[in-house]
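Asker: The chain contents come next:
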Amino acid sequence: MLGRFFESLYNKVFVNIVVNGSTTDVYIEIHAQRGAVENVEDSFNTTKMNKEMLEFITSYTEESPFFYISVLDMSPSQGAIPTCSKNRLSYYYDISASEYKCHDEKWAYYTSKSDLYDIERNYKDIGVDFVFSPFSVLANFFKDKIDTHLAMYILIQEEFLSLSVFDNSKLLFSQHLNMEHIHENEDLLMYDNDEDLDLEDGIDLEDIDVDDGDNSMDDFGDIEDLDSLEEIEEFSDNKDVEEEFYHEEEEALTDSNEDTFNDDYQRFTLIQSSVNHFYKDDKYESKFIENVYVADCVGISSDLKRYLEEEMFLNVYVRHVELAAEVSELAILEVSS
Amino acid sequence: MKYSYITPRKKSAFTTEIQLLILFFSITLGMLFITYLFLLFKDYSFVEDMNDMALTQSELSVEVSQMKEQIKFIEKENLLAQKIYTQNTVLKDSITNLFDLVPQRITLSEAKLLENGLILYGMTPNKDVYNFMLQAPLRSIFHRTYSSFHPADNGWLRFVSTNYIDEELSLTEEIESED
Chain A
14 MLGRFFESLY NKVFVNIVVN GSTTDVYIEI HAQRGAVENV EDSFNTTKMN
64 KEMLEFITSY TEESPFFYIS VLDMSPSQGA IPTCSKNRLS YYYDISASEY
114 KCHDEKWAYY TSKSDLYDIE RNYKDIGVDF VFSPFSVLAN FFKDKIDTHL
164 AMYILIQEEF LSLSVFDNSK LLFSQHLNME HIHENEDLLM YDNDEDLDLE
214 DGIDLEDIDV DDGDNSMDDF GDIEDLDSLE EIEEFSDNKD VEEEFYHEEE
264 EALTDSNEDT FNDDYQRFTL IQSSVNHFYK DDKYESKFIE NVYVADCVGI
314 SSDLKRYLEE EMFLNVYVRH VELAAEVSEL AILEVSS
Chain B
3 MKYSYITPRK KSAFTTEIQL LILFFSITLG MLFITYLFLL FKDYSFVEDM
53 NDMALTQSEL SVEVSQMKEQ IKFIEKENLL AQKIYTQNTV LKDSITNLFD
103 LVPQRITLSE AKLLENGLIL YGMTPNKDVY NFMLQAPLRS IFHRTYSSFH
153 PADNGWLRFV STNYIDEELS LTEEIESED
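Chains as they are written, first to last, in our numbering: chain A, 14 to 350; chain B, 3 to 181.
Since the hints were derived computationally from the structure, they do not count as laboratory data.
By construction, the Cβ of each residue, glycine as well, lies at the ideal position given by its N, Cα and C atoms.
The reader is advised that the hints may include incorrect statements.
[As the list claims (entries may be wrong)] Straight-line Cα separation of at most 25 Å, DMTMM-like style, residue types lysine to aspartate or glutamate; simulated pairs:
# : chain 1 : residue 1 : chain 2 : residue 2
1 : B       : 13        : A       : 54
2 : A       : 64        : B       : 19
3 : A       : 137       : B       : 155
4 : B       : 85        : B       : 170
5 : B       : 129       : B       : 155
6 : A       : 183       : A       : 54
7 : B       : 4         : A       : 323
[To be verified] Cβ-to-Cβ under 10 Å is the rule here; a few derived chain B residues that face chain A:
#  : residue
8  : 3
9  : 6
10 : 7
11 : 8
12 : 10
13 : 11
14 : 14
15 : 16
16 : 17
17 : 20
18 : 67
19 : 70
20 : 160
[As the list claims (entries may be wrong)] Stretch by stretch, here's where chain B covers chain A in the computed footprint (C-beta under 8 Å, at least three residues):
#  : region
21 : 59–72
22 : 140–146
23 : 166–179
Produce the entire structure from the sequences given, and follow the hints as far as they go.
Answerer: The following block contains the structure:
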């Protein structure tokens, strides 16, 4: 009783840490009884906790004993499984060395235990209260779509792609893809094609043929007729106004940066191979994907959207997402539950 | 719904600073309360002492009054003792004088001192010796003197002289002498 009274007197400070490539974004949201009163954001050129970041965080956390440190899990050994049944988990993934959590008793997400310990060790100076999976962020961000649509949902980060396919809130397939791994090995995970991709020279859309990719699009049926954008647009009749607007904005930007172009192509190939995996692997209940919702937190170019639309014949809807703010929202949901 | 892999650390409003503050105020309040209790006790003790002192004072005043009465009584006793001493002295002198009064020719065999009188038993060669040499001074001392004789075997006379001093007369005499 007395504790609750004191709690109501203090502000709640939500510190959200997201490692974004070689930098770390720290987003701090301060909540009073009446709601959010302040939010600040800063970026640090480090992936570990350093003195500068510690001082920045401490300057806010020392204002209130009710502060919550949330970290977005960046473990490469994480994913989501389309079941929550303990007996069925191992059918999809060996979770003996992983920590898993059920989402709404429908599906589960997991991560490596050692990576969790690494996170706790890395932030031991301030401690960690929450470690969230990108799949939780994705599910929460597209909550309005997941419950009623069959679609693919992708969270695009600097070095990771969190991809999942939901059919009316039922998870069908999921994969966490590491772009850094691709950079290092010059190899495409889950991509069955032996064809070498010359990433250094970039990709010209003119060179991309629908028949590329080990005939992976054969499963889509005879789609050669759909070679004009006008016809593709027919799939997009129900696009959200917000996402259309975002699309127009993206096109207006001069995103001719070569690195961005290469990254987007890598993303495209990862998505393509992942979808191929989804269709071919018998473990997953295969359903034809028509729509893809992209949560973009790095500022992807319009090329990726175009690849997806032209190569995979998907209706692509892109929403920009402030990842740290979404993590903060999850932390607030956790605390208020 | 829970989203996080880990559970958050327990948060408490009672931070180290708050705990120190509460401790400080608790100690201060505790000391104030102890001081208040001490003062209450001292006040109670003071009232008790005051009551005891009042009781002692009343007892002492009673004792003082008793002692004053005792002093008065002792003073009276002293006066009485002095009076008795004086009377005894006077009596001793009287007896000495009495025996000095008895002439050598008369032999006293017994003398009884009464409250207000004297009875003498003795032998006299004859009545004249007795009348002139003993009765005359006895008459000057006592108000009433009675003598009786009866002959002894050796021819002398045994006598009994009974002498009384009347109190009223003696008092009148004393008053007259004081005046």
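Asker: The structure should be examined with respect to each hint, and the outcome stated for every one.
Answerer: Each hint, compared with the structure:
1. B:13 to A:54: It holds: about 24 Å lies between the C-alpha atoms, which stays within 25 Å.
2. A:64 to B:19: holds (24 Å)
3. A:137 to B:155: With a Cα-Cα distance of about 150 Å, the restraint between residue 137 of chain A and residue 155 of chain B is violated, given a limit of 25 Å.
4. B:85 to B:170: Status holds; Cα separation ~19 Å.
5. B:129 to B:155: Roughly 16 Å between the alpha carbons, so the hint for residue 129 of chain B and residue 155 of chain B holds.
6. A:183 to A:54: violated (34 Å)
7. B:4 to A:323: Violated, at about 39 Å.
8. 3: Since chain A brings a Cβ to about 6 Å from residue 3 of chain B, closer than 10 Å, the hint holds.
9. 6: holds (4 Å)
10. 7: Nearest chain A Cβ about 5 Å off; hint holds.
11. 8: holds (5 Å)
12. 10: holds (4 Å)
13. 11: holds (6 Å)
14. 14: holds (6 Å)
15. 16: holds (7 Å)
16. 17: At about 5 Å, which falls below the 10 Å cut-off, the nearest Cβ of chain A leaves the hint on residue 17 of chain B intact, so it holds.
17. 20: Hint holds; residue 20 of chain B Cβ to chain A Cβ min 8 Å, cut 10 Å.
18. 67: Since the shortest Cβ distance to chain A is 67 Å, the answer is violated.
19. 70: This hint is violated: residue 70 of chain B lies away from chain A, its Cβ roughly 71 Å from the closest one there, beyond 10 Å.
20. 160: violated (124 Å)
21. 59–72: violated (count 0)
22. 140–146: Coverage by chain B holds here, the residue count being 7 at a Cβ distance below 8 Å.
23. 166–179: As far as the region 166–179 of chain A goes, the hint is violated, because 0 residues have Cβ atoms under 8 Å from chain B.
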